[in-house]
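> Sequence:
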Amino acid sequence: GFPWDDGLYAAALMARIVKKKEVHRILANYPDYPVSPELRIDCPHEAKQPVIREMANRFSDYDISRIDGLKIEFDDGWALVRPSNTEEKMSVRVEADTEKALDRLLEKVRSAVEQSIGNST
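Going by our numbering, the letters in the sequence shown line up with residues -6 to 114, in that order.
Check before you lean on any hint, since a few could be wrong.
Cross-link-like lysine to aspartate or glutamate pairs, in silico, EDC-like; alpha carbons within 16 Å at most [unchecked claim]:
id, residue 1, residue 2
1, Lys64, Glu15
2, Lys64, Glu88
3, Lys64, Asp54
4, Lys41, Glu80
Quick caveat, the hints were computed from the structure, so don't treat them as lab data.
Owing to the predicted nature of the structure, the values given are computational and were not obtained by experimental measurement.
Required output: the full structure, derived from the provided sequences and hints.
Have a look at this one:
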């Protein structure tokens, strides 16, 4: 390892990069993907884990990560479905390659979450 904290090293490295080139010019080299606002769907606490399990089964043909909820990787985007720790809600966030894909994936995942909640209550 290094004798310094990773965050401090990252900040120093970023300062070095920014010194050489303006931030907006650096960011211009990276694509800008559409991201949905966080969608919050009512869900009783006792239904949250059954919903996550059902969602994993529904989308088992896709790559799934269970870190911080359920992240589903689609060909043209991804969705994160996670239970709130403090409210009776499930949150959904989607990022996609295009606005059209964003709308389609958000509707697909929102509908699946609502159906899963209905099946779990």
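> Hint by hint, note whether the structure agrees.
Status of the hints after comparison with the structure:
{"no.": "1", "hint": "Lys64 / Glu15", "in the structure": "violated (33 Å)"}
{"no.": "2", "hint": "Lys64 / Glu88", "in the structure": "holds (11 Å)"}
{"no.": "3", "hint": "Lys64 / Asp54", "in the structure": "holds (13 Å)"}
{"no.": "4", "hint": "Lys41 / Glu80", "in the structure": "holds (11 Å)"}
Consistency note: the structure conflicts with earlier hint 1 alone.
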